[in-house]
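With the sequences and hints as input, model every part of the structure.
In case you want the letters, here they are:
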Amino acid sequence: LAKTTQPISMDSYEGQEVNITCSHNNIATNDYITWYQQFPSQGPRFIIQGYKTKVTNEVASLFIPADRKSSTLSLPRVSLSDTAVYYCLVVRAGTALIFGKGTTLSVSS
Amino acid sequence: EPEVTQTPSHQVTQMGQEVILRCVPISNHLYFYWYRQILGQKVEFLVSFYNNEISEKSEIFDDQFSVERPDGSNFTLKIRSTKLEDSAMYFCASSESHPTGSSYEQYFGPGTRLTVT
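Which chain is which? The protein sequence lines are Y and X, in order.
Counting in my numbering, the first sequence runs from 1 upward without gaps.
Counting in my numbering, the second sequence runs from 1 upward without gaps.
Hint data in this document are derived by calculation from the structure and do not stem from the laboratory.
Don't take every hint at face value.
With a Cα cut of at most 35 Å, we get these calculated DSBU-like pairs of lysine-lysine [to be verified]:
| no. | chain 1 | residue 1 | chain 2 | residue 2 |
| --- | --- | --- | --- | --- |
| 1 | X | LYS57 | Y | LYS54 |
| 2 | X | LYS78 | Y | LYS101 |
| 3 | X | LYS83 | Y | LYS101 |
| 4 | Y | LYS54 | Y | LYS101 |
| 5 | X | LYS83 | Y | LYS69 |
| 6 | X | LYS42 | X | LYS57 |
| 7 | Y | LYS52 | X | LYS78 |
| 8 | X | LYS42 | Y | LYS3 |
| 9 | Y | LYS54 | X | LYS42 |
| 10 | Y | LYS101 | Y | LYS3 |
| 11 | Y | LYS3 | Y | LYS54 |
| 12 | X | LYS42 | X | LYS83 |
| 13 | Y | LYS69 | X | LYS78 |
| 14 | Y | LYS69 | Y | LYS101 |
| 15 | X | LYS83 | Y | LYS3 |
| 16 | X | LYS78 | X | LYS42 |
| 17 | X | LYS57 | Y | LYS52 |
| 18 | Y | LYS69 | Y | LYS3 |
| 19 | Y | LYS69 | Y | LYS54 |
| 20 | Y | LYS3 | X | LYS78 |
| 21 | Y | LYS101 | X | LYS57 |
| 22 | X | LYS57 | X | LYS78 |
| 23 | X | LYS57 | Y | LYS3 |
| 24 | Y | LYS52 | Y | LYS3 |
| 25 | X | LYS83 | X | LYS57 |
| 26 | Y | LYS69 | X | LYS42 |
| 27 | Y | LYS101 | Y | LYS52 |
| 28 | Y | LYS52 | Y | LYS69 |
Here are a few chain Y residues that face chain X, going by a calculated C-beta distance under 7 Å [as the list claims (entries may be wrong)]:
| no. | residue |
| --- | --- |
| 29 | TYR13 |
| 30 | GLY50 |
| 31 | VAL91 |
Glycine included, C-beta positions come from ideal geometry on N, C-alpha and C.
In structure tokens:
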């Protein structure tokens, strides 16, 4: 599976939009991109997944350019409760989830 | 909303002892997983389980580890002879289907913190 690279940490203020970009240069045709969120002392929680273009749900948006070598998770108007670690994963049918170190997002007031 | 539950929340054991970590996956899910996370490190895949057999396992999942679905609701992880380096948070997860293009959503439990002394 393609290795992912994302910033180790990001800081934001309440009410701002946060964009976390992940690079996955060697993504294969059958691979999908998925994002998970993890709060301290809790298990990861699925946020969103996509293959290409844009996907939006009630929590976030995921932008994937045509070459699929990167993806951007967009969190609109973050609040203090969005402080967490965000993981970008490249996933393939029939294989396990492989987590990287993720991006620690800190939201302050 | 259905959720994955795990017991105990914290287990302290001495090196060399056997421990069993328990999980109750979401009732209509068919695929079950164990992951672990050493303090301050990334979440690591251990094993996946379907139809009463292991479907995939990582290098971490050696002969000291075993999994079982003893009844229709529980899913357990056994560590036969614990080592200091087994100290970690262990997460159980379940999914309705095997990871496919339609969904890679796995539901994680709250974890069991294992401390080996």
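Now for the hints, and whether the structure bears them out:
1. X:LYS57 <-> Y:LYS54: 33 Å, holds
2. X:LYS78 <-> Y:LYS101: This hinted pair holds, its Cα atoms lying about 26 Å apart.
3. X:LYS83 <-> Y:LYS101: 24 Å, holds
4. Y:LYS54 <-> Y:LYS101: Between LYS54 of chain Y and LYS101 of chain Y the Cα gap is close to 24 Å, so the pair holds against 35 Å.
5. X:LYS83 <-> Y:LYS69: Violated - the C-alpha atoms of LYS69 of chain Y and LYS83 of chain X are around 40 Å apart, more than 35 Å.
6. X:LYS42 <-> X:LYS57: Roughly 17 Å separates the two Cα atoms, so the pair holds.
7. Y:LYS52 <-> X:LYS78: 40 Å, violated
8. X:LYS42 <-> Y:LYS3: 14 Å, holds
9. Y:LYS54 <-> X:LYS42: The hint holds at about 28 Å.
10. Y:LYS101 <-> Y:LYS3: 11 Å, holds
11. Y:LYS3 <-> Y:LYS54: 21 Å, holds
12. X:LYS42 <-> X:LYS83: Measuring from Cα to Cα gives roughly 19 Å; hence the hint holds.
13. Y:LYS69 <-> X:LYS78: 39 Å, violated
14. Y:LYS69 <-> Y:LYS101: 19 Å, holds
15. X:LYS83 <-> Y:LYS3: 30 Å, holds
16. X:LYS78 <-> X:LYS42: Status holds; Cα separation ~21 Å.
17. X:LYS57 <-> Y:LYS52: Holds, because 29 Å separates the two Cα atoms, which is no more than 35 Å.
18. Y:LYS69 <-> Y:LYS3: Holds: LYS69 of chain Y and LYS3 of chain Y sit about 11 Å apart, inside 35 Å.
19. Y:LYS69 <-> Y:LYS54: Holds, because 14 Å separates the two Cα atoms, which is no more than 35 Å.
20. Y:LYS3 <-> X:LYS78: 31 Å, holds
21. Y:LYS101 <-> X:LYS57: 20 Å, holds
22. X:LYS57 <-> X:LYS78: Satisfied, since the Cα-Cα distance of roughly 14 Å is no more than 35 Å.
23. X:LYS57 <-> Y:LYS3: 19 Å, holds
24. Y:LYS52 <-> Y:LYS3: 18 Å, holds
25. X:LYS83 <-> X:LYS57: 20 Å, holds
26. Y:LYS69 <-> X:LYS42: Satisfied, since the Cα-Cα distance of roughly 23 Å is no more than 35 Å.
27. Y:LYS101 <-> Y:LYS52: 23 Å, holds
28. Y:LYS52 <-> Y:LYS69: 10 Å, holds
29. TYR13: Not OK, violated: TYR13 of chain Y not within 7 Å of chain X, min 26 Å.
30. GLY50: Violated: closest Cβ of chain X sits about 10 Å from GLY50 of chain Y, beyond 7 Å.
31. VAL91: Holds: closest Cβ of chain X sits about 5 Å from VAL91 of chain Y, inside 7 Å.
In this structure, the hints that do not hold are numbers 5, 7, 13, 29, 30, in rising order.
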